[in-house]
Each structure stands twice: as C-alpha cells, then as structure tokens.
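Residues per chain are reported as follows:
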Amino acid sequence: MSAVINCAAYADGHRIANLKVNDIGKILQQTDKFVWIGLNEPDEALLAEAQQEFGLHDLAIEDAHRAHQRPKIETYGDTFFIVLRTAQLQEGQREITFGETHFFVGVNFIVTVRHGSTFSYSDVRTRCESTPHLLRKGPFFALYAVMDAIVDQYFPIIQTLGEELEKLEADVFSGKPNRETITQIYQLKRELLEIKRAVSPLIDICNRLMRFDSTIIPEETRPYFRDIYDHAIRINEMIDTTRELLTSVLEVNFSLISISQNEVSKKFAGWAAILGVPTAIAGIYGMNFEFIPELNWRFGYPVVLVFIAGTCVFLYRHFKQSGWL
Amino acid sequence: MSAVINCAAYADGHRIANLKVNDIGKILQQTDKFVWIGLNEPDEALLAEAQQEFGLHDLAIEDAHRAHQRPKIETYGDTFFIVLRTAQLQEGQREITFGETHFFVGVNFIVTVRHGSTFSYSDVRTRCESTPHLLRKGPFFALYAVMDAIVDQYFPIIQTLGEELEKLEADVFSGKPNRETITQIYQLKRELLEIKRAVSPLIDICNRLMRFDSTIIPEETRPYFRDIYDHAIRINEMIDTTRELLTSVLEVNFSLISISQNEVSKKFAGWAAILGVPTAIAGIYGMNFEFIPELNWRFGYPVVLVFIAGTCVFLYRHFKQSGWL
Amino acid sequence: MSAVINCAAYADGHRIANLKVNDIGKILQQTDKFVWIGLNEPDEALLAEAQQEFGLHDLAIEDAHRAHQRPKIETYGDTFFIVLRTAQLQEGQREITFGETHFFVGVNFIVTVRHGSTFSYSDVRTRCESTPHLLRKGPFFALYAVMDAIVDQYFPIIQTLGEELEKLEADVFSGKPNRETITQIYQLKRELLEIKRAVSPLIDICNRLMRFDSTIIPEETRPYFRDIYDHAIRINEMIDTTRELLTSVLEVNFSLISISQNEVSKKFAGWAAILGVPTAIAGIYGMNFEFIPELNWRFGYPVVLVFIAGTCVFLYRHFKQSGWL
Amino acid sequence: MSAVINCAAYADGHRIANLKVNDIGKILQQTDKFVWIGLNEPDEALLAEAQQEFGLHDLAIEDAHRAHQRPKIETYGDTFFIVLRTAQLQEGQREITFGETHFFVGVNFIVTVRHGSTFSYSDVRTRCESTPHLLRKGPFFALYAVMDAIVDQYFPIIQTLGEELEKLEADVFSGKPNRETITQIYQLKRELLEIKRAVSPLIDICNRLMRFDSTIIPEETRPYFRDIYDHAIRINEMIDTTRELLTSVLEVNFSLISISQNEVSKKFAGWAAILGVPTAIAGIYGMNFEFIPELNWRFGYPVVLVFIAGTCVFLYRHFKQSGWL
Amino acid sequence: MSAVINCAAYADGHRIANLKVNDIGKILQQTDKFVWIGLNEPDEALLAEAQQEFGLHDLAIEDAHRAHQRPKIETYGDTFFIVLRTAQLQEGQREITFGETHFFVGVNFIVTVRHGSTFSYSDVRTRCESTPHLLRKGPFFALYAVMDAIVDQYFPIIQTLGEELEKLEADVFSGKPNRETITQIYQLKRELLEIKRAVSPLIDICNRLMRFDSTIIPEETRPYFRDIYDHAIRINEMIDTTRELLTSVLEVNFSLISISQNEVSKKFAGWAAILGVPTAIAGIYGMNFEFIPELNWRFGYPVVLVFIAGTCVFLYRHFKQSGWL
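If you read the sequences in order, they're chains L, G, B, V and F. For the first sequence, this note's numbering begins at -9 and goes up steadily by one. For the second sequence, this note's numbering begins at -9 and goes up steadily by one. For the third sequence, this note's numbering begins at -9 and goes up steadily by one. For the fourth sequence, this note's numbering begins at -9 and goes up steadily by one. For the fifth sequence, this note's numbering begins at -9 and goes up steadily by one.
Hint data in this document are derived by calculation from the structure and do not stem from the laboratory. As the structure is a computational prediction, the values presented were derived from the model and not from experiment. Hints may contain errors.
To be verified - BS3-like, lysine-lysine: derived pairs with alpha carbons at most 27 Å apart:
hint, chain 1, residue 1, chain 2, residue 2
1, B, K179, B, K157
2, B, K310, G, K257
3, L, K256, F, K256
4, L, K166, F, K256
5, B, K10, B, K23
6, G, K257, V, K257
7, V, K10, B, K310
8, V, K257, L, K257
9, L, K257, F, K62
10, F, K310, V, K257
Isolated chain L, as found in the complex:
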C-alpha cells in the first residue's frame, strides 16, 4: 500500500483534480483552491518532499516522523501542526488500540499523517465531498471533519468502560470478595488514565482553534471547533466520573470485605463456643478421681448429655439472636 492514500485539489468545495505530490506547488499558488493530502506512515523521503512542497518547519517534520507524541497544537509561521491520539475498540473485542494522527494545516492545504492502527479517513473525505457548501469553507473545515471523526471514536469506548464499571459494581455488591474483581478495577483505572491522557489535551487544542488570534482560521469555521471542544469536555467528564466511581467501588469493596471478615470471625467464635462447652464438661467427667459421686449415679450420663445439649441450644439461640451466627 502506498503511503500516499489520497491527494486532491479542491475548489469551491468540489474535488477538481487528483494530484501527484510534486504537482502540489502549482495549486498552492492559487488562493481560491486548496490541497488535501492523506499520508499513512510516510517514510522520511516522502515527508521531506511534503516539507519542501508546503514549506514546513524542520521540528514539525521531525515530530511527524516519530509517533508517540503528546496531543498538541503548534504554529510555525502560517502553518498549524496538530497531533492527536486516536483510539478504537476492536470489533467484538475488549481491547483498545491507540494510534496517532498528525495534521499540517495552512491557508490552502491540509496534510494528514496517520501512525499506528487508525481507521482510514477516506469515509470522512467522501462525506465532506458530499456537502460542498461546507467543504467550501476550506482546509479548516476538512480539519474539523477529521478531528470530529477521531473524537467520535471515543464515545463507544467510554460507554464500554462505563458498562464494565456497572459489571464491577454488581460484582462488588453481590458481596463475594474477589481477587479477579479487584484486578479488573485496577485495569479499568489504567485504561481510563491512558484515554484521559489522549483526550484531555484536546480541550486546549480546540480552545486555541476557537480563539487563536490568527487570521488564517476563517471566522465561520470556528464554531465547528467549539463542537469538538464540547465533545472533548464531555468525554473528559465521563472519564473523571468513572474514575471517581471506580475509587469509590474500591473503597466500598474494601468495607464489604471487612464486614465479611467480621461475620466470619463472629460465626467462628459462635461455633467454637458451642463445640467448646461439651468438650470442657466431658473433660471434667473424664477425670479419674476415685470419688466423683455423679459417676455412680444412674442418671448421671443422661443428665449430663441433656445439660450439654441444653447449653449448646442456649448458646446457639443466643448467638443467633445477637447476629453472630
């Protein structure tokens, strides 16, 4: 698969030509057109070519080559460099796979660079091309469209983790203290932290796209970034709520384990007493003294048996009543 997924020129919201990378320069000189190019794990040569065509900064190209960046937005002169982290739930699986997408956006171009396992942005492009009255707004609308698609991927993930929380709650309140449950709580916490780290910088990124004192971002595209901003805030809130509840679940679980321990202790103490009494009494009548009058008494044995049984029954009732058994 080529690293150049898609490279086209747009005018007035319509795709007017598919381009080769080295034809881009010509288009860029025409202010009424813009270029949208999608790369997938490009090699250094291709990035160097793109750098030359679009006039990108050394440091940004260096960053675009390395994955495992923190989500961020930077401006180099008139070009924005944006890094986002993508996340996807594998169909039918619990596993989350993270990826990364970088953007170079200028006054009449947008370059998307995908790293790691990310879904293709062809669908987004197709959707954009079907609404030329919107795509006409230029490369920042294209940026919005891709960012929106990326952020939308987080909602099903958050929902899945929310359901997992509910399962864990049910496990905990069912009252069986369980190593498995605790391990899962920890794993869930870990995943939430990772997602938070991917999403929370988005708030600042959108904020700057909404308000940045730059003349490159058209006024009319700014409300769109507010839309993503809202989404990012909501995801963040859901993560924070889930984390806080998770912490509470752990505490509650801990309290329930303690109560369980308490019950075990009481139960054990109760039964130990019930078993200890016959042992003690029988021990006394097992002594070998010559003169133990009761031993020669005809009804000694049944009376002692009854006494023992009575004491046991009494203790049993007593403990039952006070909630120890």
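Put chains G, B, V and F on the given structure of chain L with help from the hints.
Leaving out everything else, chains G, B, V and F in the frame of chain L:
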C-alpha cells in the same frame, strides 16, 4: 400532543397574539415586540421551520435535536444557544428523573425546546404574564423566569439527599456494620455526581449571562441572572458538602467495623481462655497413670472443681476489667 | 420588641438625631450627613418602606426578607447589598448557633438587617460613636465596625473546636479504640464544614470591598476591610489545618485499631498455644491402651507434669521475648 | 533590657550616628540618609512615639502591638508593613520555638519589631555595616538582610524534620507495628503544617516585593527579594515532599500491619492444626468403649504415637511450604 | 582535570578559535561572534574571573557556586541565569545519580557550569559544530542543544521506573502479600517525587524562554524551546500517571491482603470445626460414668467412628461448597 406547546407575541409585557410558527417572521421585524415559543421534543421538520424563521445556526439546530448534551451556553452571531439539564423528584418517590431544555434567545425572541421528562413551562409563562412590568424587559427576562423555575427544582432534590445522608449517618453510628448501608452510600454518591454534572456548568453559564460583552442582553436583566448564579453556587456547595460528608461517613463506618472486629476478637479470646482452662486441667486428671496420688484423695474432685471454677471466675473478672468481655 | 432597633442620623462622626423611618428621605438629600438604621427580622411592610426611602432593588429586598442566603456581595447601581453569616457559642455550652445579617450600604446610609440568633449591634454603634474621628469616615466605616464584630465572634469558636481536636488527639493516642471518639471526630468535621461555608465567602467579599472599582467606597476606609480580610484568611487557615489534622487523626486512629487487633491476635495465639500443649499431652496419657509402659512407671505422673509445666514456661518465655504476649 | 535595641542613622552605607527615638524626625527630612531602628516587644507608648515619628497608620500600629498575626505584606501610602513568622530549633533540642517579626519600611527608614523568642538582629546589622557598598542601597537592603536571616533559620529545621522522617521510615520498614511510631508520624505532620503556615505566605510577600508597582523599592534591590523567594519556594517544596512521604509512610505502615496480622493468623492456624490433631486422635483412644480392638493390641500405643507424630510432621512441612509457618 | 573543559569562539556557526578565559573580553565586543565556555565545578577564583569577563551579577555567581539549587530561570539585565537538575541511570544499575548544571547566557556568550555527576557536554558541542547552519543561530541554540541533551537523559529513567511499576503490579496481582513489594512501592514513590521536583520547574523555564518579552532571544530559536517544553510536559505526565498507578497498586495490594486474611480466617474456622467435632464426641465417650449403655454395646466404637467420620466429611463438603475451604 402537538410539539408546539405555546407560541405568542408580546408587547410591553402583555401577550398580544397567539401565533402560528410561520407568522413569526412578521413579528420579528417589529423591534418593540418579542416572540416566546415553547416546543416539546420537536421533530426535524419543525426545527427546520424554526431555524428558518429565527435564522438559527446549523450546529445549534443539530444540538437542539439531540438530547444528552452537556449544559452550555454558545453564541452564534446575535443568538444565544443555551442547554440546561432539568431534574425532578417523582412525587412520593425517591427516583430522580433527568430531562433537558434548550433555549434560543435573540434580541426579540425566545425559543424553549424541552426533551425528556420535564414539567411544562406554562405556569412560568402565566406567572410572567401576571407581572407585565417585569416581562416588559424582554426575552431575557423570560429566559430568567424559565431558568429560575428549572434551578428551583434542584433544591427539594438536594434536601432529600441531605436527609438520606442523615439517615445513613444514623445507621452508621448505631454501630451495626451493614452491607445495605454501604450500598446506599455508594448510590447516593453516584446520584450526587450526576446532579453535580448537571448543575456545575450553570455557574459558568450565568457568569457569562451576567458579564458577557454583548449588547443584546439588557443591563437591567443582568441582576436576575446573578440571582440564578447564587442559587447554582449554593446547590453546588451543598452537593460538595454532602459528598465530603459521605466520604467521611464511609471512613467512619470503616473504623467502626474495625473496632467491632476488635471487640469480637477480644470477646472470643476471653471466652476461649475461660473454656480452655477447665479442659486443660480436666485433661491432666484424665490421664491414666497408676500413681497419681490426688486421684485417691477423697476431696480431690471437689477441690479440682473449685479450683477450675475459681480460675474461670478470676479470668472472667480479669477480662471484664480490661475491657475484653 | 420593635423591628427597628435603632435609626439615627450622623454628621461629622456625631449622632445628630434619632429618626423615624419616614423621615429618612430628608436626611439622604444632605450629602454631609448619613443614616444608620438597624432592623431585626423586619416584616415585609417595613422592608417595603425601607426600599422606598433608600431606593433599593427588588431582588435585594427579596433576598433580605429570606434568611438562609449564602454570604455574598452585590451591587445594584450605587448600593451595595451584603449578606454575612454570624455564629455564636452559647455561653457555657458547646452548641454553635448560626444567624444572618444583611447590609444595604450606599453613599450616605447603611441598613443592617439581622435574622436568627445574632447579638445586637448596639454595642458596636456605641463604640463607633465614641470615636467620632473614625465614624466621620461615613457608612462604610460603620459597615467595617459591624463586620469586624461579626468576624471576631468566630475566633472563640475556632479555638473551642481546636481544643476539642486536642482532646480527641489525646483520646486516640491513649490507645483505646472508641466508638464515641470516632463519632465526635465526625461531628467536629461537620461543624468545621459549616463554619467554613460561612467564612470562606468573606475573603471574596472583603477583596471586592478593598479593590472594587467603585467611587462610593472612600479610599481611606479600604484598609479597614483588608483588616477583616486578614481575619477571614486566618480563620480559614485554622479551619483547614484543623480539618487536615482531623483526617490524620482518623487515619492514625485506624492504624492504632489495627495494631490493637494485631496485639489481641498475638496474645490470643500465645495463650492458646500455652493451654493447647497440656491438653494435647494429657490427651495422649488419657488413652486407654493396655500397654503404655509409662503409665505404670512410678514417676510417670510427676515427670509428665514437670514436662508440661516446662513446655508452658518455655512457650511463655518465647512468646514474651518475641513480643506476642 | 530596653525595648529599643538599636537606633542608628546611615548615610552612604555607613552608620553616622546613634539616635534617640525623638531625634529621628530630623534625619527623615534628609533624603540621603536613612534610619534603622530595632525594637523588641515595645509597649504601647513606644509604638505611639514611633508612629508619630514615622507617620505610620493606626491599623498597622495596632497589628504591630499584637503578636500571632499571619505573615503578610501591606502598604499604607508610602510605607510597607510586613509580618513574618520566625522559627528556631533550640540548641541540642528537638523543640521548635516560633516568634514573630514586624517591619515598617519607608523610603528612608526601616523599623523591625520583634515578638516572642527570636534571635537578635544585631549580627545582621553588623554584617550589613561591613559591606557598605550593599547597605548603601538603602532600607530595602536592610529589610532583605533581616528577612534572609529569618528564612535561613528554617533550613536546619526542615533538615531535622527530614532526618526524623528517615528514622520513621526505618522504624516502619523494620516491620514492628508500633504505637510510638504512629504517634510520631502524627506529631511530625502537625509540625510541618505549622511551618508551612509560617513559610508559604512568604512566597506571595516576596513576589510583591519583587514586582510591586511602587517606586519606593529601588530596582537594584529587587533581585535580592527573588533570592528569598527562591528559598521560600524550596522550603515549601521540601515541606510538601515530606508531607507526601509521611502520608505514604502511614499507608505503608498500615499495609505492613495488615501483612503482619495475616502472618499471625496463618501461624496461629498452623500451630492450632498441629496441636489439634493429637488432641483429636488421643481423644478417640481415650473413649471408654469396651470393645475397641486396638486398645488391646500390643503395638497400639507406639503405632498411634508414630501416627500422631507423622501427621504433625506432615502438617508442619505442609504449612512451612505454603508459607503459613 | 582543569575546571575549564572547553572555551571557544564561534562565528557563523563555526568554531574560529580556542580561547583562554582572559581573552574572552575581546571577542565579546564583536557582535558577529559568540563565546561558548564549559566549566566543571569551578573554584571561586575562576567564577570571579568569569564574572568579570561577562559582567555577571553577584547573586547569580553566588548561586552558581553552590549546588543544590532548585531549577529556575532568572534575568539579570541582559543575562539569563538558568539552573537545571540532571539525572542519569548508572550503566547496568538501578541507581539514579543527580547532578546540576547552571547556565549564563547573554547576547553573544554562553557559560555552562556543571556540578556533581553529570556527563560531559563535549558530545553536544561536537554535534552542534557539525550543523553550522543551526549553530549560527547563536548562544540560545547552544543552550537548547545542552538542555535537550539533559532532558533526554530523563526518558530512559522514566522507562526504567515504568518497568519497575509493571514488575510491582505483577507481584501484587500474583497475590502473595509481601513486605518487600510494599517497601519497593514506597521507594519508587520517593524516586518519582525527586524526579518530579527536578523536571516540573522545566515547564515554567521553557515557557519563559518561549514567550519572554526579551529581545535577546532570537525569534527563530524559540520553537526549539517549545520542543523541550513538550518533552518536559510528557515526562511530567508520565511521572504523574506512574504515581497515580502506584497509589492504586498500594490500595489494591491492601484489598488483596484483606481478602487473603479473610480466606485464612475461613480456612482456619473450617478446619477447626472439622477437628473440633471428633474431639467433642470423643470427649463424651471418654467420660467415666458407670452407666453409659453405648459403651457396652459391641458396635459402639465402630458406629461412633463412622459417625465422627461422617460428620467430618459432611462439614468438609459444606465448607468446600460455601467457599470456606
């Protein structure tokens, strides 16, 4: 039930006409009148009509169609778009039902869009119409009136949850460690989090309505939003206090369980000792050695019995004194 | 008792006349005089009268009628509306009673409105009148004087709670785990939260009185509000410190309970072993085998007794040494 | 000892005269000179005299008379009023004694007012006089010199508390759960809170001395306050680190107590089983049935003894292996 | 080894001469050249010389002489003084060694001062000299190069600590409560705190280098500091995540210990019951009553044996089923 609950034109604080949606345009051109329209879960067609009449933004209409938004305020040109979450206690029940209301407010119109289980705002409208000297202030006063009604719904909820906290406190301090109580503490925490998420964005919303550098909001209506701001702050504070106390209750409960565990252990240890002594002594005189002088002694048995009883009494007193029994 | 406690006109720091409420208007027109009126739980009629005389805002009057406000400061045109919460320790009691005082302060008037159990401000007025060179600064000095009196009431309360903390510390470190202590820790935490809620808004209120870009507050009275600001900060800090220590006390208490539990377990285990050994050995010589040579040995019994005693002494020493007993 | 420790006029960095308090006025009129006066717990008369000579504000004088202020900086016209808390380790002791020093600093005077146990600032003055090229910078350099001396006193205290933390860590990790250790952790936490309360306002105070939009503080003395600012930040960081570690130590201690409890339980359970087996078996052969064939068997006794011993050895090995003993 | 590691003049990105310290002055007068000098633990005399040549501030020189500073940035006139903390993992060891590097950077000079165990910056210098088109940007590019090298040292450290966290997680979830593990968790927390203290001030330092309203830092070098800023943010985030997970690991460990304790208690209670039953029954038939009919019954012994065995088997199954064994 029609989705258009009420649609009327107002002049100088008085209702001057009930309107059809497609008559709105005419009124909007007259700057001395304003339109107040209430919708309930409108379909796309109706929203599209409203969009056209009032000149609303695509993104806002899209939001207004979807429920499950985060409370927020946004400005699109001269129009404010506001999302609030409503909450209600079901009469005689413990259940809280959440809903959502969206507002479009412009210089001479206000549109309210209800989603989910919300009470009707007809009463609010009636109340407003009975004070024309206030309603004369325009659509932002109407906005205040509805927002105030929504926020007022939170107070009985908070109070109910506060009473629940007191019940839980009583449960905990009564000293019986209880799974039920712990589960309820968790549930209460969860509800508080949800309410907090609904109320806390209100502070920022009111702040912006109080101070926004917009000329659309008349100076004289601004103190009213400060009133709601105060309410939102108070609800927030009450939630935070309740949450903090809830956390303390859980900790305290945990300490009390530990103390209880401690008491069980001590009690058990005490009684085990009291039962262990006769068993041990009786065991010794149960040995079958031929030459155990005491066995042949006439008073061996009673003396041993007295010794055993004495030891038990001594232990009992000792444990009682040191607080183990 | 009349709801109008005191109503007087002041000029140059001296009381020049006692007024009736409906005479106020005349005084207010003279810029070299000011009016100081004290109300106690006024009814609606009186408030309406005051509203008319001083030209107060509807919303402020509405607030002034209701108690249970959050402490706050608001400006309505040239008038400040301030709400404070008062607190008092009942003489010789541990109970704190909360009240509320509202202020309306304008360029030449101050109205104080007391709600709930608050001490009378007559003493403050008398003290002010005894320093005319200060009272000459106008109604904001009177405001300062009353606020200072209110804030000063918090210091003995905080001190009492601090002493209570010390008592609780002593209880905890004395090492007897105690339900009572834990309940008291919780109650103290609750009270601190309530006081914090009453005091912490004061910081913001004073801040605004110190810096507000208003020309009504004379420059020379501003340092006085900084004085109250300092007091509020100090009370806040003391509350926060006490709360943090309280949390630590609870944790420490919990650790001490665990240690205690540990000690109980060790002690019990130790004595169980010491009692278990004679029982086991005696059991063996209590078996009824025909051929147990030791049983017929003359010194069997004493030797076994010595062996048992020796083992018990050895175990006792061993456990004592390793800290189990 | 007189309350006036030292009172001198300086010109060009050199002491030119020792003054009486009532001679100060003359010097203050000469802009090329400045006055440095040191007071120790002055009475009201002396403060009144100083107030008159230097033209100080009533509220500042009132504050200067009372100790137990919060560290703060205030400006009254052209005069700065600064409150600092001092702390000292008693030579060879663990005890920290706190004191307070107040400063009045104007364009050509500095007054230091000591309260409580503070070391004398004579040494600081001597050191300043030995570097006239620095002291020439005026009263704010003198202020810096004294503040620096005060802040330097905190470093050995922090270091001592850090060493104490290490001792507590060692105690905890040695694994003996200990009431003493826990009490000391709490005491250390308490002391850290108190020091933090004394030091943290310093950051704000220095910040204002570094940046204050006042023309009184000469530009060239400002870097000196940045130096103290750095020290205050460092002390604060050290306190925060120590507190955080202390919290961890408490948690870790708690975990270790639980592990210890676990071990005790296992050990006890193991030995109880090892002792319980012979007791149970011996009990069976201690029954008085007439027809127990084994009892008449010649090797019954040794075989049972061997069986009991074997079981005990087996259990011992089993528990040893699974880590219970 | 001399304290002057390297001292050279650069023009247009190329090294044009190696200098002696007292020749520096001549170069500094030529605005098209800059001096880069590297010192290693210089003595006071050398620092005094440098101070004179470069015109540095007293306080900065004093700081440069002392190690154990907090990372910071300060400006004295046209000179920046920067303190960084360095950290290195010893090859093949777990030990982290910290050091310190100070920088003086002016319009045409940079001085690096190393303290403690830091790697030499000769490699950095060589790398810079191999890219004259970058080094041409002047001393702030040299500053960037060295700072980058320092920050890059933190990544392998963080990774090592991350791996350690994973090892600890595995230890904890394997379920054997372990003093060793807990001690290691604490040590890891301690190290993370120390690294955080070294790295977190970097964020502020880079921020000021990126945005500082100074004309000395050339615009074109500013993006480089943003690069380091990003690194510092990432390291900080990784530390915070690791710390949060570490806290969770400790909590989880604690829960697992409690569960383990619970299991021990249940197991013990179960086996105690199973052993207690034969002891009690055998005790009864060990009584010496004359008239116990069962004793004379031929099948008494086998029947009792079967009964005892049956009860034990029943209890075993019961406990097994309810999860106690």
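Report the numbers of all earlier hints that the structure fails to satisfy, in ascending order. Violated hints: 7 and 9; rest satisfied.
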